[in-house]
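Read off the chains here:
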Amino acid sequence: MKTVFKALLGSAVFAVAAGSASAATLDDVKAKGHVQCGVSTGLAGFSAPDDKGEYTGLDVDFCRAVAAAVFDDPKAVQFSPLSAKERFTALQSGEVDILSRNTTWTISRDTALGLNFAGVTYYDGQGFMINSKKLQGINSALQLSGAAVCVQSGTTTELNLADYFKANNMEYNPVVFEKLEEVNTAYDQGRCDVYTTDQSGLYAIRLTLSAPDDHIVLPEIISKEPLGPVVRHGDDQWLDIAKWVYYALLNAEELGVSQANLEESLKSDNPEIRRLLGTEEGTKLGTDLGLTNDWAVRVIKHVGNYGEIFERNVGAESPLKISRGINALWTKGGLQYGMPIR
Amino acid sequence: MQEHDRSFVRTEMVADQAPPVSDHGLLSWLRRNLFANATDTVFTIIGIALVVMIVPPLVQWAFISAQWTGSDRTVCATLAQGGIQPDGWSGACWAFVDAKFQQFMFGRYPDEERWRVYLTGFLFVVLLVPLLIPSVPRKGLNALLLFGVFPIVGFFLLSGGAFGLKPVATPLWGGLMVTLVLAYVGISVSLPLGILLALGRRSHMPVVKLVCVVFIETIRGVPLITILFMASVMLPLFLPPGTSFDKLLRALIGVALFASAYMAEVIRGGLQAIPKGQYEGADALGLSYWKKTNLIILPQAIKLVIPGIVNTFIGLFKDTSLVYIIGMFDLLGAVRQNFSDANWASPQTPITGLVFAGFVFWLFCFGMSRYSIFMERRLDTGHKR
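Residue numbers (this note's numbering), protein chains in the order written: chain A, 1197 to 1538; chain B, 11 to 395.
Isolated chain A, as found in the complex (with noise of 0.2 Å):
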């Protein structure tokens, strides 16, 4: 959750902090012989710790798949997890090479924090959830007026519930909490119709409520909440590495190179295909990049593609079952549009 409060005392402690970044990451990394990744203390789907403790996500995904490009080896990861607070002086300090941790991309993080993202491995937004049994016959949030809504005190989510409300001359009453938990507790006895945060957020609540099957997230979106991973301002060949490991990614689904046909797409004919996996001769698109020229061979062969992770730890395959929506492939009607790798 994204506090008013924590922006503010970013803004004033990181103008100070920016520029102290280090180049070369990559060596440094390369030298220590693994990627600190920082991840968040625990959200559904993204980074969250199963039963032997190994960290598994989305997030975390995209780390492995760095450490997979640059290593061969999906392990040679170290997770730090960060509170919403530390995040980024963390990233500055060095503490962690790449932060990915449902991190928003923003302006202000973008300048002013001396950040940079690499790119959007998930488009969030807020959005509503009602209990259809209760509120029947209701399938869009403008009809929400003059409904409780259950929303967490401090967050921009109370901010944006407002602005969307009163943009479109609605009456709400708002109950407040401060802990999730809490929220969670009074939506799901009935004390508010309605219940707002990020749209994955909810998805993920909705396993813990009484009844989920009653509970329907609603189509709108009313904020933009786009997901990524950060590295420090002013090291061009590191963010360069996370921009197109996040590329080879979608270019691997687009291209239908998966981790289960890898072994053929090696002989493929198909010059993308060949370019993507480093297999035409005298290529030097890895090389380039500091890394090898299998290197998007290595991130598929452990991670898999985008749609591969999306689908393991938040879509079909996991308990989440969130559907593709604006994160499917442009070609499919989503956002996710892989640069061209050549």
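You may find that some hints are simply not true.
As the list claims (entries may be wrong) - Partial list, computed: chain A residues near chain B (C-beta under 8 Å):
#	residue
1	LYS1281
2	ALA1400
3	THR1404
4	SER1406
5	PRO1515
Unchecked claim - Quick list of in silico lysine to any residue cross-link-like pairs, SDA-like style, CA-CA up to 20 Å:
#	chain 1	residue 1	chain 2	residue 2
6	A	LYS1271	B	ARG388
7	B	LYS313	B	ARG388
8	A	LYS1281	B	SER331
9	A	LYS1271	B	LEU182
10	A	LYS1228	B	ARG260
11	A	LYS1330	B	GLY98
12	A	LYS1330	B	ALA90
13	A	LYS1330	B	PRO285
14	A	LYS1375	B	SER331
15	A	LYS1281	B	ASP256
16	A	LYS1281	B	PRO181
17	A	LYS1248	B	ARG124
18	A	LYS1281	B	PHE248
19	A	LYS1228	B	LYS176
20	A	LYS1228	B	THR180
21	A	LYS1248	B	LEU182
22	A	LYS1248	B	ARG126
23	A	LYS1248	B	THR84
24	A	LYS1228	B	PRO250
25	A	LYS1228	B	PHE111
26	A	LYS1226	B	ALA179
27	A	LYS1281	B	LEU247
28	A	LYS1248	B	TRP125
29	A	LYS1281	B	PHE239
30	A	LYS1248	B	ALA90
31	A	LYS1228	B	ASP256
32	A	LYS1375	B	PHE349
33	A	LYS1375	B	ILE284
34	B	LYS302	B	SER331
35	A	LYS1271	B	GLU122
36	A	LYS1281	B	ASP97
37	A	LYS1517	B	VAL85
Hints were generated in silico from the structure; no laboratory data involved. All C-beta atoms, glycine included, are put in the ideal place defined by N, C-alpha and C.
Position chain B against the provided structure of chain A, taking the given hints into account.
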């Protein structure tokens, strides 16, 4: 002389009779203790009603309907929630605690190195138990081992990197282990440091006094969460880039200093309760300052404030959970972190996890509290009512 007829005089003792029914037995006990008058009766009925309302559902939830085994959320979710339990089911999801138990205890400490944690724990218990039992001899040596040698051995055992042990970085530590490390360091630093600060605050030397007062009042004036936050977020900005100062160490220093300031004030309360005559008597005997303090003042003062000291220890033990905000996971943090595992997301998971964490905390705090009562009774030499 005419012989008196004494047939009306008993020749043997009358057998003891049972006391009246109104004075013994269950009924009388009930009447005297629970239904003595109208107010008592009302409160008794309210009390019984509360117990009846709370206990059976609790037992039902925690034991009878509880789910003990399973490998993912389906065992703890009802059919409507995508699980296997009948609709309307509600019970503790102990399967979640079972699956995550290792994490709750050790965090992400590597499996093959866990023996080091066990060994450290074993050493700790072996050194602590004899120290707590008054009749075991050689307390001095024991204390030296526990507070002098054990921290060094424990440090190398847990963090490794020497003597052929594989290094285990502190971000991998977690769970109850971190709670205990924080509490052990906090407790064993805060008591001696607190005593020194308290003595310093009552000192007649202006500089010492000023330093102690400023330290105590500054630390007491700031919430622990702020100290931890500063240590975790601000400190790295002032250090040269690339230097990383271990997060656990930062938290340890923060917690230890914080507890010391509180401890100092507790001890000062004890010092103030000692009558002036004790100081003057010690002076009259010609004892030096340190002899006077060690032999006359402190033994009396500390005995007086045992409840306050243990109170601070218990508070410290529970405050360790605040390290959650700097991205470290103590027991409670590890439990809460695992709520985000979608494989276990169900309505029962958070409640069960929190009940488990609460129970473990209670075990430790209750243990400390009982031991302090035992110690107070043992040292009772005329102050208690």
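Results for each hint:
Evaluation of the LYS1281 of chain A hint against chain B yields a held restraint, the C-beta minimum of about 6 Å falling below 8 Å. Annotation: ALA1400 of chain A was flagged as interfacial toward chain B, and the flag holds, the nearest CB pair being 6 Å apart, inside 8 Å. The interface hint given for THR1404 of chain A is met, as the beta carbon of that residue sits about 5 Å from the closest beta carbon of chain B, less than 8 Å. Taken as an interface hint, SER1406 of chain A checks out: its beta carbon lies about 5 Å from the nearest beta carbon of chain B, inside 8 Å.
This hint holds: PRO1515 of chain A has a C-beta 5 Å from the nearest C-beta of chain B, less than the 8 Å allowed. For the given pair, LYS1271 of chain A sits about 56 Å from ARG388 of chain B by alpha-carbon distance, which is inconsistent with the 20 Å threshold. As the CA atoms of LYS313 of chain B and ARG388 of chain B are separated by approximately 10 Å, the hinted pair is consistent with the 20 Å bound. Distance hint between LYS1281 of chain A and SER331 of chain B is fulfilled; the C-alpha atoms sit about 17 Å from each other, no more than 20 Å.
For the suggested pair LYS1271 of chain A and LEU182 of chain B, the alpha carbons sit about 15 Å apart, so the restraint of at most 20 Å is met. A distance of roughly 23 Å separates the Cα atoms of LYS1228 of chain A and ARG260 of chain B; the hinted pair therefore is violated under the 20 Å criterion. Note on LYS1330 of chain A and GLY98 of chain B: the hinted pairing holds, with a Cα-Cα distance of about 18 Å set against a maximum of 20 Å. Note on LYS1330 of chain A and ALA90 of chain B: the hinted pairing holds, with a Cα-Cα distance of about 16 Å set against a maximum of 20 Å.
Distance hint between LYS1330 of chain A and PRO285 of chain B is unfulfilled; the C-alpha atoms sit about 71 Å from each other, more than 20 Å. Restraint check: the Cα-Cα separation between LYS1375 of chain A and SER331 of chain B comes to about 16 Å, which is no more than 20 Å; the hinted pair holds. Proposed proximity of LYS1281 of chain A and ASP256 of chain B is supported: the alpha carbons are some 18 Å apart, at most 20 Å. Restraint check for LYS1281 of chain A and PRO181 of chain B: satisfied, since their Cα atoms lie roughly 18 Å apart, inside the 20 Å limit.
Restraint check: the Cα-Cα separation between LYS1248 of chain A and ARG124 of chain B comes to about 13 Å, which is no more than 20 Å; the hinted pair holds. Pair hint LYS1281 of chain A plus PHE248 of chain B holds up; C-alpha atoms about 17 Å apart against a cutoff of 20 Å. A hinted pair counts as satisfied when its Cα atoms are at most 20 Å apart, and LYS1228 of chain A with LYS176 of chain B qualifies at roughly 16 Å. For a cut-off of 20 Å, the pair hint linking LYS1228 of chain A to THR180 of chain B stands: about 17 Å separates their Cα positions.
Taken as a hint, the LYS1248 of chain A and LEU182 of chain B pair is honoured in the structure, with Cα atoms around 13 Å apart against an allowance of 20 Å. For the proposed pair LYS1248 of chain A and ARG126 of chain B, the alpha carbon gap of about 18 Å is at most 20 Å, so the pair holds. Under the criterion of a C-alpha separation no larger than 20 Å, the hint pairing LYS1248 of chain A with THR84 of chain B is consistent with the structure, at around 18 Å. Distance hint between LYS1228 of chain A and PRO250 of chain B is fulfilled; the C-alpha atoms sit about 19 Å from each other, no more than 20 Å.
Restraint check for LYS1228 of chain A and PHE111 of chain B: the C-alpha separation of about 32 Å exceeds 20 Å, so the hint is violated. Pair hint LYS1226 of chain A plus ALA179 of chain B holds up; C-alpha atoms about 19 Å apart against a cutoff of 20 Å. At roughly 14 Å between alpha-carbon atoms, LYS1281 of chain A and LEU247 of chain B fall within 20 Å of each other, so this suggested pair holds. The straight-line distance between the Cα atoms of LYS1248 of chain A and TRP125 of chain B is roughly 17 Å, inside the 20 Å bound, and the hint therefore holds.
Note on LYS1281 of chain A and PHE239 of chain B: the hinted pairing holds, with a Cα-Cα distance of about 9 Å set against a maximum of 20 Å. Distance check on the hinted pair: LYS1248 of chain A and ALA90 of chain B sit about 28 Å apart at the alpha-carbon level, beyond 20 Å; violated. Between LYS1228 of chain A and ASP256 of chain B the alpha-carbon distance is near 17 Å, which keeps this suggested pair within the 20 Å criterion. At most 20 Å may separate the alpha-carbon atoms for a hinted pair to count; LYS1375 of chain A and PHE349 of chain B meet this at roughly 14 Å.
In summary, the hint linking LYS1375 of chain A to ILE284 of chain B is not supported, as the alpha carbons are separated by about 46 Å, beyond the 20 Å threshold. Restraint check for LYS302 of chain B and SER331 of chain B: the C-alpha separation of about 39 Å exceeds 20 Å, so the hint is violated. A distance of roughly 17 Å separates the Cα atoms of LYS1271 of chain A and GLU122 of chain B; the hinted pair therefore holds under the 20 Å criterion. For the given pair, LYS1281 of chain A sits about 40 Å from ASP97 of chain B by alpha-carbon distance, which is inconsistent with the 20 Å threshold.
Restraint check for LYS1517 of chain A and VAL85 of chain B: the C-alpha separation of about 18 Å stays at or below 20 Å, so the hint holds.
Hints 6, 10, 13, 25, 30, 33, 34, 36, counting from the list given before, are not met by this structure.
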